[in-house]
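**Q** Sequence:
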Amino acid sequence: LLADSARSAAVTERRARADVRRAARSRRRYERSEMRRFTRRSRRRRITWLISSAVVLTMLALVAVAVYSPLLALREIRVDGTSRPDIIDAVDGQLDTPLALLDTNEMTRQLGQFPLIRSFVTETVPPDTLIIHISERQPIGSILITGGYSLVDPAGVEIEKSVERIPGVPLIDTGGADASSDAFTGAIEVLVAMPDSVLSQLDTISASTRDDVAITLVGGGARIVWGSADNSEYKARVLQVALSKNFPGVTEYNVSAPGQFTYR
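Quick note on numbering: this note's numbering labels position 206 of the sequence shown as 215, and the sequence is numbered without any gaps.
Everything labelled a hint here was simulated from the structure, so no lab data went into it.
One thing to keep in mind: the hints can contain errors.
What the hints assert, rightly or not - DEER-style ranges, computed between Cβ atoms: (1) Q249 / L153: 24 to 32 Å; (2) W58 / I97: 35 to 43 Å; (3) G184 / T106: 47 to 55 Å; (4) P176 / D89: 51 to 59 Å; (5) T133 / I154: 36 to 44 Å; (6) G258 / P163: 28 to 36 Å.
Think of the CB as a built atom: it goes at the ideal place given N, C-alpha and C, for glycine as much as any other residue.
Given the sequences, and given the hints that come with them, work out the whole structure.
**A** Next comes the structure, spelled out in structure tokens:
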């Protein structure tokens with residue numbers, strides 16, 4: 010009986026120890042589960058932070074490559090809107106500069122030295138090309154200045170100077186009045202209204218006010234009494250038709266009164 014009782018006690022003790030171990034394992038599993046549950050948000054924040062950091066570092070690397078890489082350095086400059094090679098010569102000091110680091114202020118200063126350029130727009134074409142789109146000033150006439158002649162655009166901006174009279178454009182005579190005067194403004198309004206076929210036949214245009222514009226044709230041709238700069242587009246069309254008729258021996262055309270064209 011004593012042996013049976015001892016064996017039974019030993020079995021009971023082993024079972025108790027096994028239960029204790031199972032309970033301990035279950036407790037540890039529970040604690041680990043609870044730990045994971047309570048730290049899940051922290052882990053998610055950590056993972057999110059790591060992913061965000063990786064993305065930022067990747068973007069910084071790409072920006073660094075784009076800005077500083079010699080693969081994206083300026084190799085070619087093209088100019089659109091003019092055929093003057095000296096424009097490229099003025100800005101070629103920026104060759105081999107990464108496109109993202111081109112000095113646009115310096116480019117503006119360099120191109121601003123060309124009076125013929127009215128405005129420009131730059132376009133970068135990766136990996137290595139810069140295109141400069143030029144809008145040129147359009148010459149409308151020349152004015153007499155000290156030492157020669159000055160070619161000007163409709164705003165009165167000087168495009169170039171010449172000792173000799175500049176061919177292909179009429180001479181503007183406003184009695185010394187500057188580009189802000191009514192006389193100059195009136196003469197320009199008339200010239201802008203002229204079709205090319207008539208503009209090419211003009212020798213001089215004179216005005217002392219906006220209301221007394223007069224024109225002479227090339228080759229010692231006829232005089233044109235224009236009068237006021239008002240209705241210049243209509244008057245220009247009338248004059249174009251009159252000149253196309255090739256009236257013989259005409260010394261003067263008068264378009265000063267719209268609808269009452271005369272000649273002699």
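**Q** All hints are to be evaluated individually against the structure, with a verdict given for each.
**A** How the hints compare with the structure:
1. For the pair Q249 and L153, the supplied restraint of 24 to 32 Å holds, since their beta-carbon distance comes to about 28 Å.
2. Between W58 and I97 the CB atoms are about 50 Å apart, so this pair departs from the stated range of 35 to 43 Å.
3. Separated by about 51 Å at the C-beta atoms, G184 and T106 satisfy the suggested range of 47 to 55 Å.
4. Checked against the hint of 51 to 59 Å, the C-beta distance between P176 and D89 comes to roughly 27 Å, which is inconsistent with it.
5. Hint check: T133 to I154, Cβ distance near 40 Å, so the stated range 36 to 44 Å holds.
6. Roughly 34 Å separates the CB atoms of G258 and P163, a value that falls within the hinted 28 to 36 Å.
The structure fails hints 2 and 4 (numbered hints given earlier, in ascending order).
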